[in-house]
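2 protein chains.
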Amino acid sequence: MVKNAPKKEVTRIPRKGDDLSEWYTQVCLQAQLSDYAPVRGCIVMRPYGYAIWELIQSEFDRRFKATGHQNAYFPLLIPESLLMKEAQHVEGFAPEVAWVTEGGGEKLSERLAIRPTSEVIIGIMYAKWIQSHRDLPLLINQWANVVRWEKSTRPFLRTLEFLWQEGHTAHATREEAAEEVQRMLEVYREVAEDVLALPVFAGKKSDNEKFAGAIATYAIEALMPDGKALQAGTSHELGQNFARAYEMKFTDVDEQEKYAWTTSWGVSWRILGGLVMTHGDDNGLVLPPAVAPHQVVIVPIPRKGAEHVLPAARELSEQLRGVCRVHLDDRAEQSAPWKFNEWELRGVPLRIELGARDLESGTVTLVRRDLAADDSARKESVPRGSIVTHVPLLLATIQRNLLERARNLRDQRTTVASDRDSLIKALREQRGFVLAPWCERPVCELDIKEATGAVTRLIVGGAESGEQCAYCGQPALVRAYFARSY
Amino acid sequence: MVKNAPKKEVTRIPRKGDDLSEWYTQVCLQAQLSDYAPVRGCIVMRPYGYAIWELIQSEFDRRFKATGHQNAYFPLLIPESLLMKEAQHVEGFAPEVAWVTEGGGEKLSERLAIRPTSEVIIGIMYAKWIQSHRDLPLLINQWANVVRWEKSTRPFLRTLEFLWQEGHTAHATREEAAEEVQRMLEVYREVAEDVLALPVFAGKKSDNEKFAGAIATYAIEALMPDGKALQAGTSHELGQNFARAYEMKFTDVDEQEKYAWTTSWGVSWRILGGLVMTHGDDNGLVLPPAVAPHQVVIVPIPRKGAEHVLPAARELSEQLRGVCRVHLDDRAEQSAPWKFNEWELRGVPLRIELGARDLESGTVTLVRRDLAADDSARKESVPRGSIVTHVPLLLATIQRNLLERARNLRDQRTTVASDRDSLIKALREQRGFVLAPWCERPVCELDIKEATGAVTRLIVGGAESGEQCAYCGQPALVRAYFARSY
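These protein sequences, in sequence, are chains G and R. Under the working numbering, the residue at position 309 of the first sequence is numbered 309, and the numbers go up by one with no gaps. Under the working numbering, the residue at position 165 of the second sequence is numbered 165, and the numbers go up by one with no gaps.
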């Protein structure tokens, strides 16, 4: 017979510095963000993880709508013959496609791809909808699942199926399309930094690293604790490639027929993985208040003779409900210390402890999740009367502190290299981004990859006249951040 | 060269009474709810349709959360061997499954089903998560796409891929599960009637019509203008069928191991199709204000010498922004009458016309979409000063009127039959639901279907003692609504 004790959810996780990979997996599992699914490479996003995702979604969605985009939904399945029209796109995605070959008990006459991304199906519809310059710009976003047949997978960071948003826009001119690409890159940067507290570099991808079918890809890149870069969002200038492949033409003001200029941009649940990696510590998840399902957890500490603690905790919870997302943990079957551990593991930014002594002194005890146990600022006692004004300020402080801390770390670990030895050494050490002058030749990038495992992550500016490529010595055209990556 | 005139979106739709099927398709297309996709049986949900869907989603989602449910996300793909464990479920769904057989350039060793519904994958996870009675009830909802290989398809009403929500819950007792099923059925009824203005009957499905794998299915059914019923939401008692198939066991308070009792319940974008069918008229779509992306459209009527009309319309729009979802149609390239037609076609509940004469008299002209052109209440002139209080009241009136009108029609078309001749006659006439005493024998239902094309839609109560089945004359056990259906 199974023993009828409360199941201990809180088990050991390795120290973050000892084994980042195992630490990450255990935090995702034990904080109940995700679970393994009985399908290779797929995960289940559990309610707590999904609640974070809903908050992330709403922050993006609000900004997409504020910049004139509308949501829509396009089919999951794409006939093979249609997928095959944009040559580079096919080459990039065909190896990763999952194919439906049977349906309704019969073998299909044509294979159907599960969308790995939706440029194709959306391009076909846009060609139908766009007739005149008055139909432009066409600004649509889709929240959807996509499937890419990845070999090795990790929760959120790389999964066979993932949830994402994909924006797809069409414009009358190249300039407008280029502006859109930068506008959405800036939305991504803003949400990453201001909401997720993830400091990112933004810039252009090298030719090797750009999206299959794009003329230029821009991205935001975050630094993970192991010194690897995480691409957290991309924004593509597709030029007229898809417009030509799918006959997306419009009559311009000058009465000429022209191909439209299109863009696409996407962020996936991978960014949630980046958030876990960046802020978490040896005790588990640390959530920025902006995306914490519970920003504050109240743990009453009822002792014998202090039966008034629980009603006081309820009252406090009601008071705070108007100013933050508060959760009262009034479970009788768990001890207060057990709850402290659990909510630390699950990353709640602020804990309020309320015991008999607090009630006597008319105070509550606040404990910040973002500071270490030996930090004297971690715990403070606050008069109950000021709690409703104090908590929102403290949440804002936590939010700011997480970003600053991550940015300082990222900047400390970003180095500069100007010659081959220092570049190779820095990349092999893998502390973080390495900024170096570069010739922009694809073959040079492949050489660097072979030597170090790293590639360019972003091109962030032009080189100075006379500067040489740090790796090959040929004339440098740009400055680029190099790093290994997820 | 293509002529550079504004494309006329507003073309002829057939009269609703003449050809409901073609009327429906044209309204979906021309109101820009949906478009055909280049994949058999699939549709694109265009931004205007999706905006309605987002409003519908938020009404459901709020109620799901208020009743203790959390959202999560489970994988799209289900290995064949796992799908095959609950026998009735397999039998019901296997013929409709789309199979992935190739991925990453290789033939898979096991076929993967694209989920037709998620009882299986969720059941497997629940078996892992549920250990103790303390883990129950487990109340999860998922917003997702599913695929069922339908032969004939129509926008929203029946599509190969569709968007829906599926709730899946597990409980310690049969009673709790049964309560949950009724609770969610009531949520469905409430949203259908109070939000979508769709009058529905709620009740139990016959054995022939119940969900594959359920011990009992409950549903809400709406009446369409052609006298057919539309199943708009279902709520299933799954008993311990899935718990046994997937080993979902828990240790109860009495320390005994028991199988959990599970439920599932779902509403899809089909309900949007029902809304279009029910409220629309010869001029196109009619939206209930609660789910109208634009509740009010302001059409300025600028004439020469009346350049102050447009600024006044902007001011009015700003005033209304706080009390409703308002859209100012200030396009210069379209005439006011053209705009009237377009927004009627797209179902906007209330139009505000603002011309020079209105400005002089300090009034605005309101035009209700829900009333016919010859109805004197359709148009009214309202002092500008009272518009901010008047519009919300009028929107509430429109919302109420749409429900009442549909309910009256439904009730007028619901008849009672107590013998075979009257039952057959009523079902062949296909005016609406026919309430009749019934023996509850599956074979009798099949006989009725063969004779009339109709089946039971809902069982709504017990028969009186001594009552006979209207069709076969055997003792009647229940009263049921019969109808043909979508």
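A portion of the hints provided could be inaccurate.
Computed Cβ-Cβ distance ranges for the label pairs, DEER-style [unchecked claim]:
hint	chain 1	residue 1	chain 2	residue 2	range
1	G	Glu247	R	Glu186	44 to 52 Å
2	R	Pro14	G	Glu106	48 to 56 Å
3	G	Glu175	R	Pro337	48 to 56 Å
4	G	Pro392	R	Glu179	32 to 40 Å
5	R	Lys128	G	Asp194	30 to 38 Å
6	G	His308	R	Glu318	33 to 41 Å
7	G	Leu409	R	Leu393	53 to 61 Å
8	R	Glu186	G	Glu333	26 to 34 Å
To give an idea of the interface, some chain R residues facing chain G are shown, with a C-beta separation under 7 Å as derived from the structure [unchecked claim]:
hint	residue
9	Pro38
10	Tyr50
11	Leu76
12	Leu82
13	Met84
14	Val100
15	Trp149
16	Tyr486
FYI, nobody ran anything at the bench for these hints, they're computed from the structure. Idealized CB from N, CA, C, for every residue including glycine.
Evaluated hints:
no., hint, in the structure
1, G:Glu247 with R:Glu186: 44 to 52 Å, "50 Å, holds"
2, R:Pro14 with G:Glu106: 48 to 56 Å, "34 Å, violated"
3, G:Glu175 with R:Pro337: 48 to 56 Å, "36 Å, violated"
4, G:Pro392 with R:Glu179: 32 to 40 Å, "39 Å, holds"
5, R:Lys128 with G:Asp194: 30 to 38 Å, "37 Å, holds"
6, G:His308 with R:Glu318: 33 to 41 Å, "51 Å, violated"
7, G:Leu409 with R:Leu393: 53 to 61 Å, "57 Å, holds"
8, R:Glu186 with G:Glu333: 26 to 34 Å, "31 Å, holds"
9, Pro38, "5 Å, holds"
10, Tyr50, "5 Å, holds"
11, Leu76, "5 Å, holds"
12, Leu82, "6 Å, holds"
13, Met84, "13 Å, violated"
14, Val100, "5 Å, holds"
15, Trp149, "3 Å, holds"
16, Tyr486, "19 Å, violated"
The structure fails to meet hints 2, 3, 6, 13, 16 from the earlier list, while all remaining hints are met.
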